[in-house]
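S.K.: Could you put together the complete structure from these sequences and hints?
Protein chains in written order, with the working numbering: chain W, 1 to 303; chain R, 1 to 264.
Just to be clear, a hint being listed does not mean it is correct.
Stretch by stretch, here's where chain R covers chain W in the computed footprint (C-beta under 8 angstroms, at least three residues) [said to hold, decoys possible]: (1) 16–26; (2) 209–219.
Think about it this way: if two alpha-carbon atoms lie no more than 16 angstroms apart in a straight line, the pair counts; the simulated EDC-like pairs of lysine to aspartate or glutamate are [stated by the list, open to error]: (3) R:145 / W:57; (4) R:114 / W:156; (5) R:114 / W:154.
Just so you know, these hints were derived from the structure itself, not from any lab. Virtual Cβ for every residue (Gly too), placed ideally from N, Cα, C.
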Amino acid sequence: MSASIFVGVLELGLLWGIMVLGVYLTFRILDFPDLTVDGSFTLGAAIAAHTIIIGYDPWLGTALALVGGALAGLVTGFLHTQLRITPLLAGILSMIALYSINLRIMGKSMISLLRMDTIYTDIISWGISEYFSVLILGLTATAVVILLLYLFLETEVGLALRATGDNEQMIRSLGVNTNTMKMIGLSLSNTLIAFSGALIAQKQGFADVGMGIGMIIVGLASVIIGEVLIGNLTLLRALVAVVMGSIIYRLVIAIVLQLELVAPTDLKLFTAIIVTLALSSPVIKEFVAGRGAREKGEKNAGC
Amino acid sequence: MLAVETISKTFNPGGVNERVALQEITLHLKPGEVVTIIGGNGAGKSTLLNCIAGVYPVDRGRIVLDGKEIHCQQEHTRAGSIGRVFQDPMLGTAASMTIEENLVLALRRGRSKKLRRGVTRKERELFRERLELLGLGLENRLSTKVGLLSGGQRQALTLLMATIAMPRLLLLDEHTAALDPKTATKVLQLTRTIVEENKLTTMMVTHNMEQALSFGTRTLMLHEGRILLDIDGPQREKTRVPDLLAMFEKASGKALGNDRMLLA
Chain W
1 MSASIFVGVL
11 ELGLLWGIMV
21 LGVYLTFRIL
31 DFPDLTVDGS
41 FTLGAAIAAH
51 TIIIGYDPWL
61 GTALALVGGA
71 LAGLVTGFLH
81 TQLRITPLLA
91 GILSMIALYS
101 INLRIMGKSM
111 ISLLRMDTIY
121 TDIISWGISE
131 YFSVLILGLT
141 ATAVVILLLY
151 LFLETEVGLA
161 LRATGDNEQM
171 IRSLGVNTNT
181 MKMIGLSLSN
191 TLIAFSGALI
201 AQKQGFADVG
211 MGIGMIIVGL
221 ASVIIGEVLI
231 GNLTLLRALV
241 AVVMGSIIYR
251 LVIAIVLQLE
261 LVAPTDLKLF
271 TAIIVTLALS
281 SPVIKEFVAG
291 RGAREKGEKN
301 AGC
Chain R
1 MLAVETISKT
11 FNPGGVNERV
21 ALQEITLHLK
31 PGEVVTIIGG
41 NGAGKSTLLN
51 CIAGVYPVDR
61 GRIVLDGKEI
71 HCQQEHTRAG
81 SIGRVFQDPM
91 LGTAASMTIE
101 ENLVLALRRG
111 RSKKLRRGVT
121 RKERELFRER
131 LELLGLGLEN
141 RLSTKVGLLS
151 GGQRQALTLL
161 MATIAMPRLL
171 LLDEHTAALD
181 PKTATKVLQL
191 TRTIVEENKL
201 TTMMVTHNME
211 QALSFGTRTL
221 MLHEGRILLD
231 IDGPQREKTR
241 VPDLLAMFEK
251 ASGKALGNDR
261 MLLA
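M.R.: Here it is, written out as structure tokens:
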């Protein structure tokens with residue numbers, strides 16, 4: 001595999017890694033399966049792309065994408081905490097609503113950023129080599145996000161948020177408004193996801209209304225890969241692990257595409273199968289172990 | 001201190017599953033009073049505690065704590081002055097978080113959470129000191145995840161968490177019932193020490209009649225959402241378990257048909 005593919009994998013892995021951190025925050029820390037992701041990722045891309053093509057600064061566009069993501073998370077949070085809609089449905093409702101909103105923001109189903117100023121071209125103008133511009137920006141952004149997220153989760157609010165995901169009854173009995181914590185978590189998570197969308201759109205040079213489809217599964221796959229391969233013994237380690245998971249996921253995708261093992265159009269099916277296997281691995285292990293024991297003729301092999 | 005005035009609670013009113021849990025319960029607690037509560041299944045013991053804690057809103061009546069009406073406040077608002085320990089040891093602690101993280105959340109009970117560092121060095125010292133009193137060796141395991149502790153250890157930790165911020169009222173809902181007898185005795189002993197040393201106003205639900213009479217200063221018996229019996233002082237000292245059973249039969253018109261209570 002050539003060096004440029006490897007750099008490409010690293011770049012994408014890091015930029016998507018920020019989205020994966022957002023997914024980790026809701027799915028694992030808050031224990032809230034938030035499906036807003038598919039919509040908020042595109043929302044970030046749409047806001048950034050639209051701001052850029054109407055002639056504003058790409059940094060402003062990226063910042064506005066963060067605000068948009070935060071609002072999207074708050075809407076899901078409102079649906080769940082105030083209107084008492086179940087987490088899955090609240091996320092799906094936001095996601096569907098965002099599809100229309102994204103189309104409205106973009107005005108069409110795709111915006112090309114070809115030859116426009118992006119944050120990458122901006123840092124190239126500061127004298128950073130073009131070849132490494134995405135990598136450097138991706139690495140910096142990811143490192144800063146991990147650090148800030150880690151520091152936040154160690155504060156009082158952060159502890160209360162983690163406890164909300166762990167044991168809601170307990171933390172409520174300790175005087176914490178769990179609804180507020182869920183709102184904070186969802187908003188923060190979708191901020192990160194929209195940030196990632198804005199970074200990706202500027203890197204690939206376009207924003208597409210369908211670019212967020214299946215994002216939640218990509219995020220989940222990366223979280224699982226990271227947790228299995230690197231582990232989540234401490235909080236900091238878990239945060240680094242899920243970003244590594246994102247890079248490894250990109251690497252796997254690059255390899256199967258490079259070797260033409262999977263057609264590009266089948267990628268989502270491939271990802272869905274990988275995630276299914278990962279999620280069902282305990283059941284599969286049990287089944288294999290039981291069968292092996294029975295074949296050896298053990299009477300107490302169990303079922 | 002605590003005034004519960006004619007509170008009533010019915011679950012699923014009007015439906016086929018309608019169940020009257022509390023019927024005009026009135027109860028006054030003096031500061032430092034330690035009340036044990038007994039009663040058969042469905043008598044309303046847990047519902048009474050949950051209504052005071054704000055898990056369920058009451059249908060009618062008032063609850064006043066320290067001169068402040070609290071029955072319209074939300075659960076997390078009241079929690080600032082109410083410490084609770086549940087029957088299930090898993091419910092009182094956050095398993096994926098460390099001992100010190102759990103304790104710091106308990107220490108800041110009811111205070112608004114800010115963006116400042118969770119656990120400070122000074123607090124760590126305090127935690128070590130308090131954990132030592134439990135005598136379980138937890139003082140050297142501050143950064144151990146709570147999920148790795150046994151049920152008894154977790155319940156002792158929950159007890160410490162419920163009391164570390166000096167609540168105005170401590171609610172214990174059969175907090176030793178899910179533990180093995182030896183651990184249960186130990187946790188009950190700890191409860192006694194902590195409650196007596198801090199003169200905490202306490203309500204403890206129990207299934208153990210012996211315990212109901214020996215622990216604390218006053219005993220309530222609930223039946224079908226009403227207070228059947230309320231004894232304290234010399235009258236309580238004279239009372240033995242068979243007396244309790246007889247009183248129950250006389251007042252309710254039937255035998256106390258609960259094996260768990262009779263055998264305990």
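S.K.: Against each hint, give a clear statement of whether it holds in the structure.
M.R.: Here is what the structure says about each hint:
| no. | hint | verdict |
| --- | --- | --- |
| 1 | 16–26 | violated (count 0) |
| 2 | 209–219 | violated (count 0) |
| 3 | R:145 / W:57 | violated (46 angstroms) |
| 4 | R:114 / W:156 | holds (6 angstroms) |
| 5 | R:114 / W:154 | holds (11 angstroms) |
Checked against the numbered hints above, the structure breaks hints 1, 2, 3 and satisfies the rest.
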